[in-house]
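Two independent chains are provided; combine them into the complex using the hints.
These protein sequence lines are chains A and B, in that order. Taking numbering that gives the first Met the number 0, the leading residue of the first sequence gets 0, the next gets one more, and so forth. Taking numbering that gives the first Met the number 0, the leading residue of the second sequence gets 0, the next gets one more, and so forth.
Incorrect hints may have been included.
[To be verified] Interface residues of chain A toward chain B, partial, derived using beta-carbon atoms under 8 Å:
#1 68
#2 90
#3 94
#4 99
#5 139
#6 188
#7 235
[As the list claims (entries may be wrong)] Residues from chain A that keep clear of chain B, each with C-beta distances beyond 12 Å, as calculated:
#8 38
#9 55
#10 108
#11 132
#12 144
#13 153
#14 164
#15 191
#16 193
#17 245
Keep in mind that the hints were calculated from the coordinates and are not lab data. By construction, the Cβ of each residue, glycine as well, lies at the ideal position given by its N, Cα and C atoms.
For reference, the chains in residue letters:
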Amino acid sequence: MSRRIVAALGAAVVAACAVVAIGKVAVGAPAGPTSSLRGAPLPRAPRPALSVPSPRDLADSRHVSVWTILVRPTTARARPDADARPVARLARRTPEGTPNSLVPLGRAGDGHGHVWVRARLPVLPNGTTGWVPRRALGAYQAVRTHLVVDLERLTATLLRDGRPVLRAKVGVGQPRWPTPRGEFHIRNRLTGYRDPFYGPLAFGTSARSAKLTDWPGGGFVGIHGTDRPDLVPGRVSHGCIRMRNDDVLRLGRLMPVGTPLTIR
Amino acid sequence: MELLLDDLDTRGALREAAEKAGISRAVFLGGTIASVVAALSAPAAAEAVSRNDIAVLNFALVLEYLQSSFYTEADRSAALHGKAAAAARRVGAVERAHVKAFEALLGRQAIKRPAFNFAGTTESDRPFLKTAVAFEDLAVAAYKGQAPRLRSKQVLASALAIHSVEARHAAWMRYLFHVQPAVSAFDDAASKPKIERVVAGTHFIVARPRMEARRRPRLTG
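This is chain B alone, in the form it adopts within the complex (with noise of 0.2 Å):
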C-alpha cells in the first residue's frame, strides 16, 4: 500500500478549513504572515527569525496542533488496545513536545490551536492506525516540501531534527498497520495543493462551538 494519505483526501478544501481555524490560507501556505503575526510583544527569539521562516513554522505547528491533538485524544479515550495503545502514547508524548517547542519559539505569533473532530477514529485500533500513518506521512511530506523554504540555517537544522522523528513514527504506525515502512528509493515533498486537501478532505478541523448565548434563561429560576 502507498501513501495512504490518499485515502483521507476525499475533497480538497483546505482554504475552508484553515479559515474555520483562524488561518489565512495565506499564512497557511506560507505565503505572509501579516494577518496572522500579531506584532506586540513578540517574544526575542521569535523577533530573530524571518518572516517567511515564522510562516514556514506555523504552517508546521497546525501539523503538529493535528497530529498532537490526535495522539491525546486517543491514549485519553482509553479505547484503543496493545501495541496501537502504547504508540499513542509514546507518540503523543512526542508531538506535545513539539508543539510545546513550536510555541516557545513562535510565543505570541504562534497559530491557535484550531479545534478537531476526529470523528471516532481515535477510539478503535485499526481506524486510529489508519489515521496515524496517514498524519505521519503527511508530516514527513509536509517538512520536506517546505525545509528548502527555510532560510534559517537554525531553523532548517530544528526541521531537520523533527523531520526524522516523523519518518520514524510514520514507520512505526506502518509496521502497526501491517504496510511497508520502507516502499521507494526516494521519498518526494507533498505539494502545498497536496497538503491543502488532505487536511482539508479529512474534515477533522472545525469550528469552535459557541456555547454562549445573549439570551433570557430558560431555566427554573
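One chain only, chain A, in its complex shape (with noise of 0.2 Å):
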C-alpha cells in the first residue's frame, strides 16, 4: 500500500470520526457556511402565551358618531379664529347640571399651531354651527346609535350599526308648540326625580323649541315618559317627544348619551 493510499484512507477515517461526532450534537445539520451555528441542543421556544389577531382596519364608520364635552365655558366663532365673530356663548354644564355636550362635524387649524372644532350648537336657530377650540373640549367619545323621531307617522326608532332595535309610539308637540325638526342629539340622562310627568326616565336633547324660549332651562326638549301613556302616540306635548313609560325604560337600556338624534 502506498504512503498515498495509506494517507487517503486515514483521513477517511478521521472525516467519518468528525461526522458522526457532529451528528451526536446536530443531527441533520447542514454542513457549510452554517456550521458556525452549530453548538449544544437547545429547548424549543416557548409556545406564546397571547393569541394576537390579525390586524384589521375599523370597522365600517358610517354609523359611528362623535361627540365630547366642555371642559370650561367658551365662545363658539363664525371662523376658526379667536379673533372671529361670536356666534354662542357656551356653558360648561346643561341645566341639569350635567356636562355641556357637542358632536364635531369638523376641524381646521388657525395657523398658529391650534386645532378648532366645528360644531352644532345648542342655540336657537336649531341647526346653528360654529367653531370652538379643541382645547375647550373634552374627550372623544362614539357610539353606534342613532335615534330617529318621524313626526309624521309620530314613532320613534333607534338605530344600531345602522339597523332598527327600537321602534315605538311617541307624542310630539301640539300644533302651537312644534316639536322642532333638524340634527340634534343626546346629552343627558335623568333619573330619580319624582315628577309622574315625566315618567320613570328622562334625556334632554340639544333640540329647543322656538316658541318657548322663557321655559325654565331655555326650553330643551326631551324625550320621557309620562303619565298619560293614553295621549300617545299624539300631538299633545310642549314639543317633548313623550313615550309610553315602558318604552322610554327600554330606550334607557339601548341608547348612550351621545346618540345623534334626527327629528324629520
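Structure follows, in C-alpha cells:
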C-alpha cells in the first residue's frame, strides 16, 4: 500500500469520526456556512401565551358618531380664529347640571398651531354651527346608535349600526308648540326625580323649542315617559317627545348619551 | 433628537391618572393585583398566569389602550394626511389587535379601558407624529422594563413578540417625524417612575364624564 493510499484512508477515517461526532450534537445540520451555528442543543422556544388576531382596519364607520363635552365655558365663533365673530357663548353645564356636550362636524387649524372644531350648537335657531377651540373640549367618545323621530308617523326608531333595534309610538308637540325638526343629539339622562309627568326616565337633547324660549332652562326639548299613556301617540306636548313608560325604559337600556337624534 | 418621551413629560402624576382610570397605583406599578382582580369567573387562561404576571399584563394593557385609542381616534378624525394617515390606520389596526389579545387572555381580570382626551394631537399631522413617536418609545421602553419581571416563559415570549412590533412602530414614526430611528447601540428600559411621569404628564387619561343626573328635568314637557 502506497503512502498516498494510507494517507487517504487515514483522512477518511478522521472525517467519518468527525461526522459521527457532529451528528450526535446536531443531527441533520447542514454543512457549510451555517456550521458555526452548530452547538449544544437548545430547548424549543415556549409557545406565546397571547393569541394576537390579525390587524383589521376600522369597521364601517358610517354609523359611528363622535361626541365630546365642554371642559370650560367658551365662545363659538364664525371661523376657526380667536378674533372671528362670536356666534354663541357656551356654558360648561346643561340646565340639569351635567356637562354640556357637542358633536364635532369638522376641524381646522388656525395657523398658530391650534386646532378648532366645528360643531352644531345647542342654541337657537336650531342647526346653528360654530367653531370652538379644541382645548375647550374633552375626550371624544364614539357611539353606534342613532335615534330617528318621525313627526308624521309619530314614531321613534333607534338604530344600532344602521339597523333598527327599537321602534315605539311617541307623542310630539302640539301645532302651537311644534317639536323642532333637524339634527341634534342626546345630552344627558335624568332619573330619580319624583315627577310622574316625566315618567321614570328622561333624556335631555340639544334641540330647543323656538316658541317656548322663556321656559325654565331655556326651552330644551326632551324625550321622556308620561303619566298619560293614553295620549300616545298624538300631538300633545309642549315640544318634548313623550313615550310610554315601558318604551322609554327600553330606550334607556339601549341608547347611550351622545346618540345623534334626527327629528324629521 | 433623543427620547421624545421627555417632551410630553410635563408633570409627574401617574398616580392621579391611574386613579382617574380606576387603576390602583399598586397595580399600575405591577406590585399587586388585589384591588383589581375580580377573582370570580376568571377564564382558565388567566387563572394559569401568576398574579405577578397578570399585574404586568394589565400594565401593558393600559399602554395598549392608550395607543389603540390614540390611533383609532386619529384614523376616525380623518384629519391627517398622506403617510401620517396611512401609518395611523395601519398601526391602529395592530394596536387594536394587541388590546384584543390582552383582553382575551386576562378575561375579567383585564383593567377597563380608561377615557382619553388627546387634546387635538390626533387632529393634525405634526402633533400626531410627535405624540406617536413618544408613545411608541414609551411602549418599547416599558416592555423592556417589565420583561425581566415576568415569571411565565409563555407570557415572556408574547411580550417579546409585541416588543419588537412596538420597536418597528417606533422606527416608523421616527422616520415620518424626521428623527433618527436608531440612535444608540443599547436601549435602556424606562423605569417605573419614568413611565409614571410620562403618562401622567400628558394628562391624556381623564375621568369619564357623568352624563346622568338625579334631577327633575327642565325640559319643555
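Hints, verified against the model:
no.	hint	in the structure
1	68	holds (5 Å)
2	90	violated (13 Å)
3	94	holds (4 Å)
4	99	violated (10 Å)
5	139	holds (6 Å)
6	188	holds (5 Å)
7	235	violated (10 Å)
8	38	holds (21 Å)
9	55	violated (6 Å)
10	108	violated (6 Å)
11	132	violated (9 Å)
12	144	holds (14 Å)
13	153	holds (17 Å)
14	164	holds (20 Å)
15	191	violated (3 Å)
16	193	violated (8 Å)
17	245	holds (19 Å)
Violation of the numbered hints given earlier is confined to hints 2, 4, 7, 9, 10, 11, 15 and 16; the remaining hints are satisfied by the structure.
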